[in-house]
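S.K.: If you want the building blocks of each chain, they are given just below.
Protein chains: 2
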Amino acid sequence: MTYDLVVIGSGPGGFDCAVEAAGLGLSVALVEKDFLGGTCLNRGCIPTKLWLGATSAIEELHNQAKMKIATGEIHIDFAALQGRVQKHLTGTRKAMGMQLKKLGIDLVEGLGSLSGEGTVSIATADGEQKIEYKKLVVATGSKPIFFPGLEPDNDCVLDSDMFLSMETMPESLIVVGAGFIGLEMAQVAHRFGAKITVVDAMDRVAPLEDPEVSKALRSTFKRWKWDILLEKRVSGVRTVDGKALLTLESGEQITADKALVAVGRGPVTQDIGLEEAGITLQFNQIQVDEHFIAAPNIYAIGDANGQIQLAHAAAHQAHYVAAHAAGKIDTPYTSGPVPSVLYGAPEAMRVGAMENEAFLTDFDTCQTSRAQLAANPMAQAHAFTQGFVKVVWSGGKVVGITAVGHEVSRLTTAATMIIQQDWTAEDIHSIIFSHPSLDEALLMALKAERKDIQ
Amino acid sequence: MTYDLVVIGSGPGGFDCAVEAAGLGLSVALVEKDFLGGTCLNRGCIPTKLWLGATSAIEELHNQAKMKIATGEIHIDFAALQGRVQKHLTGTRKAMGMQLKKLGIDLVEGLGSLSGEGTVSIATADGEQKIEYKKLVVATGSKPIFFPGLEPDNDCVLDSDMFLSMETMPESLIVVGAGFIGLEMAQVAHRFGAKITVVDAMDRVAPLEDPEVSKALRSTFKRWKWDILLEKRVSGVRTVDGKALLTLESGEQITADKALVAVGRGPVTQDIGLEEAGITLQFNQIQVDEHFIAAPNIYAIGDANGQIQLAHAAAHQAHYVAAHAAGKIDTPYTSGPVPSVLYGAPEAMRVGAMENEAFLTDFDTCQTSRAQLAANPMAQAHAFTQGFVKVVWSGGKVVGITAVGHEVSRLTTAATMIIQQDWTAEDIHSIIFSHPSLDEALLMALKAERKDIQ
Chain A
1 MTYDLVVIGS GPGGFDCAVE AAGLGLSVAL VEKDFLGGTC LNRGCIPTKL
51 WLGATSAIEE LHNQAKMKIA TGEIHIDFAA LQGRVQKHLT GTRKAMGMQL
101 KKLGIDLVEG LGSLSGEGTV SIATADGEQK IEYKKLVVAT GSKPIFFPGL
151 EPDNDCVLDS DMFLSMETMP ESLIVVGAGF IGLEMAQVAH RFGAKITVVD
201 AMDRVAPLED PEVSKALRST FKRWKWDILL EKRVSGVRTV DGKALLTLES
251 GEQITADKAL VAVGRGPVTQ DIGLEEAGIT LQFNQIQVDE HFIAAPNIYA
301 IGDANGQIQL AHAAAHQAHY VAAHAAGKID TPYTSGPVPS VLYGAPEAMR
351 VGAMENEAFL TDFDTCQTSR AQLAANPMAQ AHAFTQGFVK VVWSGGKVVG
401 ITAVGHEVSR LTTAATMIIQ QDWTAEDIHS IIFSHPSLDE ALLMALKAER
451 KDIQ
Chain B
1 MTYDLVVIGS GPGGFDCAVE AAGLGLSVAL VEKDFLGGTC LNRGCIPTKL
51 WLGATSAIEE LHNQAKMKIA TGEIHIDFAA LQGRVQKHLT GTRKAMGMQL
101 KKLGIDLVEG LGSLSGEGTV SIATADGEQK IEYKKLVVAT GSKPIFFPGL
151 EPDNDCVLDS DMFLSMETMP ESLIVVGAGF IGLEMAQVAH RFGAKITVVD
201 AMDRVAPLED PEVSKALRST FKRWKWDILL EKRVSGVRTV DGKALLTLES
251 GEQITADKAL VAVGRGPVTQ DIGLEEAGIT LQFNQIQVDE HFIAAPNIYA
301 IGDANGQIQL AHAAAHQAHY VAAHAAGKID TPYTSGPVPS VLYGAPEAMR
351 VGAMENEAFL TDFDTCQTSR AQLAANPMAQ AHAFTQGFVK VVWSGGKVVG
401 ITAVGHEVSR LTTAATMIIQ QDWTAEDIHS IIFSHPSLDE ALLMALKAER
451 KDIQ
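Top line first, the protein sequences correspond to chains A and B.
Each residue of the first sequence is one higher than the one before, counting from 1 in full-length UniProt numbering.
Each residue of the second sequence is one higher than the one before, counting from 1 in full-length UniProt numbering.
It is worth saying that the hints were derived from the structure and are not from the lab.
Incorrect hints may have been included.
Calculated cross-link-like contacts (lysine-lysine; reagent style DSS-like; alpha-carbon spacing at most 25 Å) [said to hold, decoys possible]:
(1) A:101 <-> B:66
(2) B:66 <-> A:94
(3) B:130 <-> A:328
(4) A:328 <-> B:447
(5) B:66 <-> B:102
(6) B:66 <-> A:87
(7) B:66 <-> A:451
Pulled from the structure, derived: some chain A residues nowhere near chain B, Cβ distances all over 12 Å [what the hints assert, rightly or not]:
(8) 55
(9) 58
(10) 59
(11) 60
(12) 118
(13) 235
(14) 263
(15) 308
(16) 335
(17) 420
(18) 433
(19) 436
Everything numeric in this text was worked out from a predicted model, so none of it was measured.
The C-beta atom is built at its ideal place from N, Cα and C for all residues, glycine as well.
Generate the whole structure from the sequences, applying the supplied hints.
M.R.: Dropping the structure here:
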């Protein structure tokens, strides 16, 4: 049998693509070398959010205690938490497997690689299996990358996969890389009482965000007594005498129980026959056209094409590719604004353009308007009032929304819709925002006086 | 001097109306008999949310403890919390006062009443003061109402104002009236350890909501060991020997440290010369036309006109009336969907039509689609997975969204926009929902299979 569609990789991109294609009537096989759900479910977003959720009361209590309203203490049983995470993942994978069965999608477990036109070869537990496809979707995802000297040893030097598999939480932690992955995991360790050191080569934490967001986050982390070492290049980190020993290029050394290396992720595109099949890789990223086609009858979506390393971007691409493969759509893919969220307390949220983005200078009239969270009763209620919402305008339209502070992830979907819909000042009053709500900080920012971007 | 606009009442309707009118160039006076901000700020939504926020860690801890992940205890210093509430209210009122000053709005403190055409008479601390207006906005709000036998005595029988002013939290509480006000306050008392009894004449809690929401809320409250007495008529409640003694019509008696009577709120429209000025009252509600005009040159907005008892509805009406009074707009007012939110843990959220609403039978094709929160990783992370999101469709368009469960208030603004914009199935994929997020439960509900409403 030749499948209409074979999908390699069952992360948010691959799984959704298989499901949607089957829903459109295609015969589908899904190839997965490890666990259903891929990195996001098993070694990424989901376990991290389960950790953050389970420990969120600690931070709430801390904030109320600082206002002298609350006292008390909370102990989290890390082993129990890890057990709960595994139970959730197992349950979710089971539900996913049932969904595949219900839709008649064949799950083939093993490492898939391209072996000649129209054929995928899978190294299964029972030996090699070959399946034929009319169309193929490569959704192989990404994995942690390392610079020389920063390779994890799964002893005291960990990547994010290993960190999420720990049996005990360390009492001290060095995080190399101040991006969202490192910062979310550091927040969890901090809640368990770990002494945190963050090291980054850039001059700010969350270096991809608006510099004011970086500044606000750093100010909170400093209050938490984190050591934040910026503009520091790491020459190496290794396990020495049961501790992580990090050496900066300056020669300075830092030690902690564990080191988490979170300097980035790169596509999983090697040694699976991609280039032999006529696919072009650049920095390991699969090059695709405006239909996500990488070679005749072969699509690539999600982290594997390297365009946006976010689960929801992959899922949105999957939705398009399933329809395209089924012949339901032929116009080029348009993404619309893709939100990006740092969870925890505080949180950060961004969708659309940032004030500091250079391309803004191409626009006619760029302005910002903003609201501080200190004026918002919900931020006040949770005793965490630092932070703001900033709106970026261009030609009278909203082109970007950025926020940092208490639960600003709440603003994400509304902000995405506002940007997608090119809101102008006239649109602000078309919607009734509930009162009181954190969302009103977004309303305030939209209504606030605008200032030209210099 | 004759003011272009005089506003009586400085709640969310009156204050916003004064500010917006001044922004449009009108000369404005604002009359307030008590505190700036009215009920919502001083005796309603805001203090309640500060209570809920300050105690939220207790519920988070409780949920994680039930999963055997967390242990610990949290003590809230109620006196400190009340001090913090007062500090927040004072600060907010001060900021509002400064805003009035900056905009050149005259604040006149005292009870305002209409005294002859174009004149408001104010009973100030320094005696009677008269001011002249070209146009008047009556935004006098609402106050708790009582049935005979349920009058509060400010000893053990309290209305919501008195409840929010307590110096200690009672160890046991009877709440008469299972609407949002009673349920939010009962949740707070519960977190302080109070034994809760809820009594309502209706056959369900939150009787204005979708019956499935009522059922989900009741199930949670039952797990919390609340006594929920439904379809019970109260013949009276009074203070006896330092306790609240409630007598049902059946003769059964219930006692507790305090009783909170929260059976509804009614307009504040008596004894201020409204009818003498040609205004029509019906059930104390000021009757208005489609421009909120109650009599020549007199508008009425917010709770006083009794259309929707919600602060954000009042503020939206205020925005319209300010523009109408300034001659900027003459088309009839259109509200758009007005969201309604029960805060706490769990929360409930509703915007647009509910499945059970009779008028739906007028539509051609009414359907519902739904998603359970149990499948959502954020609900899982917070160990509170009961609840659902339900979408009501009519003629292929989204006309209502209802949810109950962990933090479903997060869905409010996006849900309001979806209904306001008449989303069809085609619109669902126009927006990228961030992953993971509670908002994805809304996405799942929108995408789910629809069932005809019987």
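S.K.: Against each hint, give a clear statement of whether it holds in the structure.
M.R.: Comparing the hints with the structure gives:
1. A:101 <-> B:66: Given that 25 Å is the threshold and the Cα spacing comes to 33 Å, the pair is violated.
2. B:66 <-> A:94: holds, 24 Å
3. B:130 <-> A:328: violated, 71 Å
4. A:328 <-> B:447: Since the Cα atoms of residue 328 of chain A and residue 447 of chain B sit roughly 18 Å apart, the hinted pair holds (cutoff 25 Å).
5. B:66 <-> B:102: violated, 52 Å
6. B:66 <-> A:87: holds, 15 Å
7. B:66 <-> A:451: Given pair residue 66 of chain B, residue 451 of chain A is violated - Cα atoms ~50 Å apart, limit 25 Å.
8. 55: violated, 8 Å
9. 58: With a cut-off of 12 Å, residue 58 of chain A comes too close to chain B, as the shortest Cβ separation is near 8 Å.
10. 59: violated, 8 Å
11. 60: violated, 4 Å
12. 118: holds, 30 Å
13. 235: Holds, because the least Cβ-Cβ distance between residue 235 of chain A and chain B comes to about 36 Å, which exceeds 12 Å.
14. 263: holds, 23 Å
15. 308: Non-interface label on residue 308 of chain A violated, nearest chain B Cβ at 10 Å vs cutoff 12 Å.
16. 335: Check fails; 7 Å does not lie beyond 12 Å.
17. 420: At about 6 Å from chain B, residue 420 of chain A fails to clear the 12 Å cut-off, so the statement is violated.
18. 433: violated, 6 Å
19. 436: violated, 5 Å
Checked against the numbered hints given earlier, this structure breaks hints 1, 3, 5, 7, 8, 9, 10, 11, 15, 16, 17, 18, 19; the rest are met.
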